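Engineer: Next come the chains, spelled out residue by residue.
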Amino acid sequence: MASFRLPIFGKTRAVEAAIDEFLDAVSEAGILFGKTVEEYVSHGINEDCMRHQQRVTEIERHCDDLRRAIETTLLTQMLIPESRGDVLSLIDLLDGLLDRIKRELLSMTIEAPHLPRSLHEDLKRLVSAIVSAIDATVLASRAFFTNQLAVRDHVHKISIYESEADAFAIRLKQNIFSSNRDLAEKMMLRDFINSLDRLADQAEDLGDQLSIYSLRRSL
Amino acid sequence: MAETLLFLSSGLFLGWSLGANDAANIFGTAVGARMVRFATAASIASVFVILGAVFQGAGTTHGLGKLGQVDAMAGAFMVALSAAIAVYWMTKAALPVSTSQAIVGAICGWNLFSHRATDVAVLTRIASTWIAAPILGAIFCIVLHALILGWLRLFKPHMLRLDLFTRWALIAAGAFGAFSLGANNIGNVMGVFVPTSPFEDSMIGTYTVSGSQKLFLLGGIAIAFGIISYSRRVMETVGGELLAVSPIGAFSVVVAQGLVLSMFASRRLSDWFISQGLPEIPLVPVSSSQAVVGAVVGLALLKGQMGLRQVQWKVLGGIALGWLTTPVIAGLFCFIALFILQNVFGQRVHS
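So the sequence lines, in the order shown, correspond to chains A and B. 1 is the number of the first residue of the first sequence in the numbering used here; add one for each residue after it. 220 is the number of the first residue of the second sequence in the numbering used here; add one for each residue after it.
Derived by calculation from the structure, the hints in this document are not laboratory data.
Only pairs whose alpha carbons sit at most 30 Å apart, straight line, appear in this in silico BS3-like list of lysine-lysine:
id	chain 1	residue 1	chain 2	residue 2
1	A	Lys173	A	Lys186
2	A	Lys124	A	Lys102
3	A	Lys157	B	Lys375
4	B	Lys311	B	Lys533
5	B	Lys285	B	Lys433
6	A	Lys157	B	Lys522
7	B	Lys375	A	Lys11
Quantities reported herein were computed from a predicted structural model and do not represent experimental measurements.
Based on the provided sequences and hints, a complete structural model is requested.
Structural biologist: Structure below.
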């Protein structure tokens, strides 16, 4: 396991940089998630899909090291005592989101579900809404560290993208179950869509938590 | 010498209790929130409280002297002891109390006992500072905190960098608060002993150390001892009693309190007011706790309805009541105790 250590001196700047790097990584993973699913929808499993999935796995591993380093430094150096608990929870929640992105891509490349052409457009829209929700989550998290007033705006956007994702997921499932496919295929497609949609739900849950952390900091 | 120390002991006790209680006003939130270590807070507070007492303590002592010149050592002992006992008893009874108000009451008690007239104009001016201190605390805090919030919105520093700034700012504000506390409140602790001071002026190089300054140094050390020996528990438990305050809010509160205490201790500022044709600022000890309460309410006002809902208004009502009850209790106690000291123990309590 790769280890990651923050320097003892200039610890404040080092933790700031580590948090920024962590957020950049979540953002990159979100973009790669969108690209991979779109590539899969259009062309099935190919080299690009596998490369992106591999990259997300690497990002997730690196973020685990970053998370440990941030947690250790915040705790041992007694930084931000007022908000330390909230920051640690936020980093954990973001790590959970990253972990789910990795797992979704891994499942997709292993299971390789057959996606009928009639679902392609809505699937791309669903993925676009999910990527936007993840992106807004990263922006909200960044704002939590620098601009509390902006947190609310970004959290509101997460909510909007999550609702959009839900709407596309419902339409996709209605389309699937109104077709003449095998029940097994219908259920597999349903699970695939539910699984993707849960990413947006997780982003929304994270946004709700962020609202609470932000409110707590403003008291 | 032993007799002198015995008579000074009541003032030293008052100083100790002042240090034990009032250091929490300066570093309570910072230590309670673990932004500043207790050892750091106690060291800084101790040094600056002594510096404030020695170098700027004369103003408030002179101000108290206008109310009554306690001209016998035993009398001064009993005035300080009465104030200390009143503070102790009211603290035990969970009543809001201020050393500044107790000492004023005790001096009035001595005036009454020794048939000296209490200058009503001076008393009224002192009492007006009790009301003015929390109001000024609120105003200073509102202005300062609004400026800080504006700065934060403009520059949007990272939470971690802001945390670092806040720690240093809390230490600097604490040093200023401690200096102001020493300068303003040393009058409570040693003021009544100045007319009968056992110390004489002496020279250190080209610098003259007055007898009063030696007395203030002793009082300052007593306050510092109170801070080191007993303020930890108060600091760790008192935070958030009136309203939960963030570390940045605590900075505004401490600076506002320091400004109020400095205002009523600075001869230079008072002279400048007079030179500008403005009313003279009375140089008298004011309650640091009440200045803090005013500042915290100012912070709540700035937050609007949400902040005001969080304020424990009962605490404020208690403080207003304390303006009346503290001096009356201390004055009555002093009068009775002086009678006993004079007639039972045969001590000369006034000339």
